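In order, the protein sequence lines correspond to chains A and B.
Convert by adding 58 to the 1-based position in the first sequence; the result is the number in the working numbering.
Convert by adding 58 to the 1-based position in the second sequence; the result is the number in the working numbering.
One or more of the hints may lead you astray.
As the list makes no split between identical chains, a pair holds if one copy fits it or if it spans any two.
Claimed, not checked - Subject to a maximum C-alpha distance of 25 Å in a straight line, what follows is the list of computed SDA-like cross-link-like pairs (lysine to any residue):
hint: 1; residue 1: Lys-109; residue 2: Arg-540
hint: 2; residue 1: Lys-283; residue 2: Leu-311
hint: 3; residue 1: Lys-505; residue 2: Asp-214
hint: 4; residue 1: Lys-504; residue 2: Ser-98
hint: 5; residue 1: Lys-589; residue 2: Asn-649
hint: 6; residue 1: Lys-505; residue 2: Asn-190
hint: 7; residue 1: Lys-675; residue 2: Ser-192
hint: 8; residue 1: Lys-504; residue 2: Asp-99
hint: 9; residue 1: Lys-327; residue 2: Leu-648
hint: 10; residue 1: Lys-136; residue 2: Arg-459
hint: 11; residue 1: Lys-505; residue 2: Ser-98
hint: 12; residue 1: Lys-112; residue 2: Gly-444
hint: 13; residue 1: Lys-136; residue 2: Glu-181
hint: 14; residue 1: Lys-96; residue 2: Arg-576
hint: 15; residue 1: Lys-327; residue 2: Thr-680
hint: 16; residue 1: Lys-497; residue 2: Asp-113
The set of hints was computed from the structure by calculation and includes no laboratory data.
In this text, all values refer to a predicted model and were calculated from it rather than measured experimentally.
Number of protein chains: 2
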Amino acid sequence: MSKFRYRISFLILICTGVCASSFAQEKVLLAADFISEKDSDVVPGVLKLLKEAKDRKVSKIIFQPGTYHFYDDHAFEKYAFISNHDSGPRRMAFPIIDFHGLEIDGGGAKFIMHGLIIPFAIENSSDITIRNLSVNWFRPTHSELVVAGVSSDASDPYIDFGITDQYPYEIKNGELIFIKKGFEHNLENAVYWDRATDAVAFQSRAMTPPMNQAVKRSVANLKDKEPILYPVDNNDPAFRNRSIENSLIATQLSPGLVRVRGVKPNLPKIGWVLVAKGRNGYNRLAPAFRLIRSERLQVNNVTVHHASGMGLIAESCRDITLTRFNVRPDEADGRTIATTADATHFVGCRGEIKMEECTFENQFDDATNIHGTYFEVTDLDGKTAGLRVGHFQQTGYEFARPGDTVVAVNPRSSAKALTSLTVDSIRMINPRYFRIYFKETAEQLKKGFYLENISAYPTVEISNSRIVNNRARGFLISTPRRTIIQGNTFSNMMSAIQCPNEFTFWYESGFVRDLTIRNNTFLDGSYGPPKPLALINVMAHADQGEYIHGKIVIENNTFTTFASAILSAQNTQNIIFRNNVIRYSGKYPLNADNPVVKLQNVFRADITGNRYDAAFKNFIFTEPLPGKLIDQSNRQIGSASK
Amino acid sequence: MSKFRYRISFLILICTGVCASSFAQEKVLLAADFISEKDSDVVPGVLKLLKEAKDRKVSKIIFQPGTYHFYDDHAFEKYAFISNHDSGPRRMAFPIIDFHGLEIDGGGAKFIMHGLIIPFAIENSSDITIRNLSVNWFRPTHSELVVAGVSSDASDPYIDFGITDQYPYEIKNGELIFIKKGFEHNLENAVYWDRATDAVAFQSRAMTPPMNQAVKRSVANLKDKEPILYPVDNNDPAFRNRSIENSLIATQLSPGLVRVRGVKPNLPKIGWVLVAKGRNGYNRLAPAFRLIRSERLQVNNVTVHHASGMGLIAESCRDITLTRFNVRPDEADGRTIATTADATHFVGCRGEIKMEECTFENQFDDATNIHGTYFEVTDLDGKTAGLRVGHFQQTGYEFARPGDTVVAVNPRSSAKALTSLTVDSIRMINPRYFRIYFKETAEQLKKGFYLENISAYPTVEISNSRIVNNRARGFLISTPRRTIIQGNTFSNMMSAIQCPNEFTFWYESGFVRDLTIRNNTFLDGSYGPPKPLALINVMAHADQGEYIHGKIVIENNTFTTFASAILSAQNTQNIIFRNNVIRYSGKYPLNADNPVVKLQNVFRADITGNRYDAAFKNFIFTEPLPGKLIDQSNRQIGSASK
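Okay, chain A solo, but in the shape it has when bound (with noise of 0.2 Å):
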């Protein structure tokens, strides 16, 4: 009988897919009754499709297979203050704004952009999915250059710069400037990728050429500067050009190639690809999928091929579900990167994050990082206090909501909560500058510390993900609900998991206090900076011997990789390290300076079971624990590799 019934739905739901446009009565639209592949632009149409949607209360969207171009130039826009990323007014494609049970269904559509536009933008919405797509831009905003030489006499060290046509580019007053569809870019954050591995090539940040240096001669006359009254973010792009200059001087050899001078005498080799992005403050510009103010958010089978910031990024949302999502090069582009910044982000949310299945390849910056964000205490005055953002990334950001419990901490001394209050309210004054009011009196409030809003954390799973070839890190952690991160492949620039906690650069808030990590494969990770750092680095801002961390277990996990830092704890009132196998791979050289595992300021650690690799002679270093130190049964094997 349930059979039967199951049957009759899913033919319904045929009908429904395939007549719903003759029928004014049902929920479902068909794309193609708006828009169709050979539209130049499909984004007038895809905005009455919206429109339509909306007013008809319709509960489903179904795309066409195929390819359909969006230009950002009739496009719905809004000013967009985003997390991690470049605010200010933003083109939309998808502006799902105050949506209520939506899916869109791409049916395997190809979404290629064309300028500055948000491919989908969620907010204030709730059930919203969407599924079965890929997002694409015609020209990335990032620029890729082939090197094609290199000079043989280190005093004059020069770098020739192969272009293909999918960068236009000009030379400015000796400076290489990218052109993209309405904005362009520089030589600076730039890292090179090794095609003979497809990840960031070993330990090149020596390499790195140096995008800007501090002017040098006496060229300044800045002597009657206007007085500074507050603190200034010497980060925010109207500042952090001060007093530099380029210092890598183009000149064109031919079409197509390009001499740069003014790099570091470290030279790259040949066929290395160095991924170039421009000024901080001007390339994260356009994320994939940004999700604000929502709830009940699934993004299922789909890949974002490039991306001018993240993959997605969500902000103050609750219960968001990855299946499938995917963030990689399309092949057929010959990219070396997909996005300039993150594959995922997840800012102030609540509820359950949960990712599976997801590839994450060839990004610009970490796989994901959850957390929440410090606003710094300016001004107090009874229950209200004025309160600044720290970092231009988050200016405009929603801190709190009426009701959640903020702790604040001493930044001086450690992310350890020394007072909590509850919020009444709170109002912007400007995105730099919020007014806070206390439902209590902030007795103990003091100016300069820092609040963190302890409501706005979410649990987390990430299952069965590939996290691979990306420039910087894994997945940053700093949320202490739940988190269980089990049968991912890692092998990252940098580490492949790290729980921060700092607030004197992000200002990004959090701490974990029961994290598992179980089942995981750690294949080469670290192999960017000069020296590697753990694969799993658990930090602490200050150590004052607060344990700012809780519960951490890492059990049943394989790490195969070229140097023995596996695990690096400070702060953390209790380890568990089990039954993990740690070999060497040889896929780069041995390093084997650290301990396998380095415990600083840990309450209690159980280092139980664990097989690590002859050729990673030391097994463990710890600072003594005022717990308990179970430190048996591990044991060195056979190296896997010579």
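Once you've looked at the hints, dock chain B against the given chain A.
Chain B in isolation, oriented as in the chain A frame:
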């Protein structure tokens, strides 16, 4: 009896002002209860003051005399599309938004701004009066350089500039960059002022340094550009710097003395002041008064000593009166110019614009410009059309309101209205692209036509004002409603009064139907360009026999200037030029190249009773008039100066 009642009211008024703060029911607030001259930054106090004023429906705020400093750091911010300015998120010292019936009496106070902040932003408000105060910036947003020396070798022209500590700078990659609070600017958009005349240097345009030059050598590889579906605005900052590089190479001789090469061989005089405001798109960032969607506004006895952009810009407002509204440098600052753009500017305003006894001296652009805005029809569908915004400084402009009458013109022929439509509604898709809905089917509308909002023009009266020593023009008048210009004194770098009528660059709409210019004093004008333009210049975009302008009366004025070009009129129905006295000033070398009166495609003219200097030999040149030409009682008089 009535006298007695007056006295009582007066006493009550005095008491109100003095006692207000202690009686919650009073309608007057004293600023001194919120701020003090001792505050390093009065912005937070002024925000509280305004909140209190709104909550308590206060009708008047009174300041104590004194100097008050306003910093942008903690100021209210709102995104602002500002016509003829660079739009963006803007800080505001006085965000007068949704106020109805408020007078702010500055009591002679000086308001000093720090950073990019709009002193007075009046939005969605009515019955607002601002009086008795001045606005200035601690550091101006432009920079001034004094010519300290020039090369004597014509094959290697250079200029040595002296730069005081008021203008901190640095040199980056050979480019001279001036450092301000939160932004910087280069040497683009620069003009020489002559200290001897306090005006733009005579015919100095030929010496103004070319700030950028096209990339000359083949250093660009732009073969494979992104497909372009939509027109590009090459003036938009996103595009305007393509393929040009800095051609002015600076080196510091000693702190405060900078040598600039790459200048024209025609060199300036020692002592002249080069006033520079930097790249278009970044030099009109914070007007002193920003008025939008408001009505019954008065600004009385207010002086603007500086602003980044205009002294006052009003958009979509009704009924504005400026009395003794002055734009001029404060002598104490030693600056050559006040605002970096127009003194005043009115776009899409209705009702009456009235200016009396104003002074507009030494600003970087016109004294006023009163016009509408053309939007281009890009696509059509029955009763709706897509509209493109032509100029980047009109993006986001409120083109029309429901019920407005818009007319269409064909920009390839003339500004003559071809069809008239009634607006049902209009919606901004993005700041460059709007959708308009008409009450009728737009049968005669065609793609490529421009729409003009004929409902949004004001009547104008400008009396007894002084408009001297500014760059560019005096008044640009483009309103078909009654306009009277009387009792003013002009001396401008270009024309004193211009009726432009053009739609190829600025997209500023409008024409005159009923313009009277009487009893004014025109001193030397049009001394900037190599060939003088007529002091009163009535222009038309295209000449196809249409009489775009209506009746223009020019009577009882005196002109005392170096060049004979007094009136040039094109495409006008009826010109009356009578009883004017025209003399050679002797201030600059005589230029008698042009007739005093030049008429082209004018239907009817009455040129009567004028007296003109014998030095200006050629009195009238006219094309044949289909109507009548009265040319009588015009006579030469002895030359006033040799």
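Is it within a copy, between copies, both, or neither that the alpha carbon of Lys-505 lies no farther than 25 Å from that of Asn-190?
-> neither (50 Å within a copy, 38 Å between copies)
Intra/inter-copy verdict for Lys-96 and Arg-576 if alpha-carbon distance must be at most 25 Å | So Lys-96 and Arg-576 fail the 25 Å test inside a copy (49 Å) and across (62 Å) alike.
Go through the copies and call it for Lys-136 and Glu-181: within, between, both or neither, with a Cα cutoff of 25 Å.
-> both (11 Å within a copy, 20 Å between copies)
Is it within a copy, between copies, both, or neither that the alpha carbon of Lys-136 lies no farther than 25 Å from that of Arg-459?
-> both (22 Å within a copy, 21 Å between copies)
Pop the pair Lys-589 and Asn-649 into one bin, within, between, both or neither, using alpha-carbon distances up to 25 Å.
-> within (9 Å within a copy, 77 Å between copies)
Can you give me the call for Lys-112 and Gly-444, within, between, both or neither, at a CA distance of at most 25 Å?
-> between (39 Å within a copy, 22 Å between copies)
Alpha-carbon proximity between Lys-109 and Arg-540, which holds within one copy, between copies, both or neither at 25 Å = For Lys-109 and Arg-540, neither the intra-copy (39 Å) nor the inter-copy (44 Å) Cα distance is at most 25 Å.
Classify it for me, Lys-327 with Leu-648: is the Cα-Cα distance of at most 25 Å met within a copy, between copies, both or neither?
-> This pair counts as within: shortest intra-copy Cα distance 21 Å, inter-copy 70 Å.
Under a CA distance limit of 25 Å, which applies to Lys-505 and Ser-98: within one copy, between copies, both, or neither?
-> between (56 Å within a copy, 18 Å between copies)
Have a look at Lys-327 and Thr-680 and pick one of within, between, both or neither, based on CA distance no larger than 25 Å.
-> For Lys-327 and Thr-680, the Cα distance exceeds 25 Å both inside one copy (39 Å) and across copies (75 Å).
How would you classify Lys-675 and Ser-192 at a CA-CA limit of 25 Å: within, between, both, or neither?
-> neither (46 Å within a copy, 76 Å between copies)
First find the shortest C-alpha distance between Lys-497 and Asp-113 inside one copy, then the shortest across copies, and answer within, between, both or neither for a cut-off of 25 Å.
-> Between copies, since 22 Å is at most 25 Å while 40 Å is not.
Violated hints for the displayed structure, listed by number in ascending order: 1, 3, 6, 7, 14, 15.
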